[in-house]
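Starting from the known structure of chain A, fit chain B onto it as the hints suggest.
Just so you know, the protein sequences line up as chains A and B, in that order. Taking my numbering, I'd label the letters of the first sequence as residues 1314 to 1822. Taking my numbering, I'd label the letters of the second sequence as residues 8 to 236.
No lab work stands behind these hints: they were computed from the structure. A quick note: this is a predicted structure, and the numbers were derived from the prediction, not measured. Cβ atoms here follow ideal geometry from the backbone N, Cα and C, with glycine treated the same way. Any given hint might turn out to be false.
[What the hints assert, rightly or not] Pair ranges (Cβ atoms, derived): (1) A/T1727 with B/A157: 28 to 38 angstroms; (2) B/E33 with A/P1749: 40 to 50 angstroms; (3) A/G1790 with B/H196: 34 to 44 angstroms.
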Amino acid sequence: MRFTTWFSAKNYGHLQNIGLTVAACIGTTWLATPLLGYLDLANIVMLFLLNVLVVAVKLGRHPAILASVLSVLCFDFFFVPPRFSLAVSNIQYLITFLAMLVTALLTTHLMSVLAQKAQEALKREQQTQALYGLAKQLAGALAITQVKETVESFVKSQLLASALVLVVDDASGALHPIDTSEPETFDAHQAANAYERGTLLRHVDGASGGGEVWYLPIQTSVRPRGVLVVRLGASTSAETEASRPLLDALASLLAVALERLHYAQVAQDAEVQMLTERLRNSILSALSHDLRTPLTAMVGLADALFLIKPVLPEQALESAQALHEQGERLASMVDKLLDMARLNAGGVTLRREWQPLDEVVGTSIQLLRNALSKRFIDVRLDQDLPLLEFDAVLMERVLCNLLENAAKYSPPDTPIVLQAKTLGDWVEVSVIDQGPGFAEHQHDDLFKMFVRGHSEPGSSGMGMGLAICKTIVQAHGGTIDASSRSQGGGCVRFTLPKGNPPTIDDEAA
Amino acid sequence: MNTRAKVLIVEDEKQIRRFVRVAVEEEGCQVYEAETLKSGLSEAGTRQVDLLVLDLGLPDGDGIELIRELRVWSDAPVLILSARTQEQDKIDALDAGADDYLIKPFSVGELRARVRALLRRRNRQTESASPLVSFADVHMDLSRRLVTRAALEVHLTPLEYRLLSVLVAHPGKVLTQRFLLAEVWGPSHIERGHYLRVYVGRLRQKLEGDPTQPKHLLTETGVGYRFQP
Chain A
1314 MRFTTWFSAK
1324 NYGHLQNIGL
1334 TVAACIGTTW
1344 LATPLLGYLD
1354 LANIVMLFLL
1364 NVLVVAVKLG
1374 RHPAILASVL
1384 SVLCFDFFFV
1394 PPRFSLAVSN
1404 IQYLITFLAM
1414 LVTALLTTHL
1424 MSVLAQKAQE
1434 ALKREQQTQA
1444 LYGLAKQLAG
1454 ALAITQVKET
1464 VESFVKSQLL
1474 ASALVLVVDD
1484 ASGALHPIDT
1494 SEPETFDAHQ
1504 AANAYERGTL
1514 LRHVDGASGG
1524 GEVWYLPIQT
1534 SVRPRGVLVV
1544 RLGASTSAET
1554 EASRPLLDAL
1564 ASLLAVALER
1574 LHYAQVAQDA
1584 EVQMLTERLR
1594 NSILSALSHD
1604 LRTPLTAMVG
1614 LADALFLIKP
1624 VLPEQALESA
1634 QALHEQGERL
1644 ASMVDKLLDM
1654 ARLNAGGVTL
1664 RREWQPLDEV
1674 VGTSIQLLRN
1684 ALSKRFIDVR
1694 LDQDLPLLEF
1704 DAVLMERVLC
1714 NLLENAAKYS
1724 PPDTPIVLQA
1734 KTLGDWVEVS
1744 VIDQGPGFAE
1754 HQHDDLFKMF
1764 VRGHSEPGSS
1774 GMGMGLAICK
1784 TIVQAHGGTI
1794 DASSRSQGGG
1804 CVRFTLPKGN
1814 PPTIDDEAA
Chain B
8 MNTRAKVLIV
18 EDEKQIRRFV
28 RVAVEEEGCQ
38 VYEAETLKSG
48 LSEAGTRQVD
58 LLVLDLGLPD
68 GDGIELIREL
78 RVWSDAPVLI
88 LSARTQEQDK
98 IDALDAGADD
108 YLIKPFSVGE
118 LRARVRALLR
128 RRNRQTESAS
138 PLVSFADVHM
148 DLSRRLVTRA
158 ALEVHLTPLE
168 YRLLSVLVAH
178 PGKVLTQRFL
188 LAEVWGPSHI
198 ERGHYLRVYV
208 GRLRQKLEGD
218 PTQPKHLLTE
228 TGVGYRFQP
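Looking at chain A on its own, in the form it has when it is part of the complex (with noise of 0.2 angstroms):
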């Protein structure tokens, strides 16, 4: 057994350098010998000494002290007078058998750290060439897959241990791995810790072997995007701290790589938002293009046969009119369906702006001036309503819907009353009607689309006017209702906040 052990490689390339050592000392010998009639026995010295030096550099330590140990009994034996004797005539040559063992155990030293420190510089360049090849591959990585991917693999060839990044969930917080189909698993407690406090966490895994298990947070300078979590194999403590600066870098680069996907997503979901937006627009201005020409067509050309000379006999004058009024109601609906869309699919785009009530009050007033001809509407608005902001083009929609429906619902020759007042932080506007009011169970039906308060025969409108004031109101942060009075009529009531009204300057007058 022992005799085997003794021939394994180690012993045998051991074995080969003792007898190389052996050689060169004969070596340097049998060289020396002829020169010595010619040259001083300190010059000889130096061949014996340049003989350790060579060694020393090429062959290591333990080979070298026996080189300068053989070195200094061949020089006692073959040329320190007595020759072929080992006595020493002269005590001083004692000085010179230390000064080449110190020489060649001096040599040794200086040339093993050499080898190592050659052998770190190696590693730390094989190390920087590595972490650039990582850079190189996430700064390209296109998801986020791509990146787990690299940095895996990276961990495993470099430090030869097993990685898994945690990203934190935008919705619940919770960190988890990238595939949340891997069965991998880790200390959950350890990682939010280690997320939380923003710094390196180490563990000693009792189960795998006893290596240490680190949580690093992959941090940015904005915020904590996740935490690495590395599963180093058994190893020495120096190594594992040697893998500090390189998990580190490795930490610093992930960072960089998950921000920069994360910002990529934001700026891609903004543009297909937009894109989305701008499409949808465009068809929605197509349709009503198309919907309104013919309309348009159809209103005008009933308007024009009233211009015809010879004048068209009576009849024919109302149905022009009827065809006229027919062309306007259809209008008005075309109208609705496109609001409702437009509010319904893109969310309703605000162009809130200060202004007093009273003025899109009158604006819809005027509006509906051909339907409500001869309705006697009564405005009574407080007089010190504050300035509001809304959006004056929906607003009008809004209340030409309920003016509408007021007079709609409710007998020709009885008023509609429109007011406003303020009530603490809110502006209250009803529109109050005489007609049957609302049924007490159809009250919060009544704002849903399609559901009319009555279902009159010849009444148009698809019943969207009140979905259509929901949609608006609730978008200006108000509510909307509609109740029954005690005394009778119906009463439709919305607020708006009454927020913080600019002020204006007085002017020098």
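This is chain B only, laid out in the frame that chain A set:
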């Protein structure tokens, strides 16, 4: 005016051209028609028209471009016919130089009223410029900065007066909010819409019979204001 006013209709839909022609001829004007932007522009030039009725949704280009090109060499009033209901399109057209707009569908009565109002401006421009303006029971003498109502002097603050004078200088024309704010308060104030609204409200209080239902200082919702004499 001796000669009949020349009106050009630029609209691609034949049936709409037809009834607009009938309506405008009823106002005593000479009517020309064009179907496309290109022909519209060349007709406007060769005929030297006094009023343009222009559809914004022309197939061969944006009507706003035509307005801009026209405004380089002509200040003939432009009445827009628009099917789109987004306010920004109207504002853009008005800023480019249009004077008024009608939303499709519209009645012949409305059309004739707008045409009349815009042609009145043209007639007035060819007469000698007069500093006197009146509407309802209000009389203004711009040379003396005097405003009276039912023969009694009305006190207006400097900004109120300036706003009123800008409005009456463009009768029948829709003036955008941005334009009015820049003219009356200065270009740095174009974000302060509430000033404009409050001041118009004050003018209405002082000059209109029923301030809540104004007849002369009119609101064009979402766009601006218009003075109707």
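Status of the hints after comparison with the structure:
no., hint, in the structure
1, A/T1727 with B/A157: 28 to 38 angstroms, "35 angstroms, holds"
2, B/E33 with A/P1749: 40 to 50 angstroms, "45 angstroms, holds"
3, A/G1790 with B/H196: 34 to 44 angstroms, "27 angstroms, violated"
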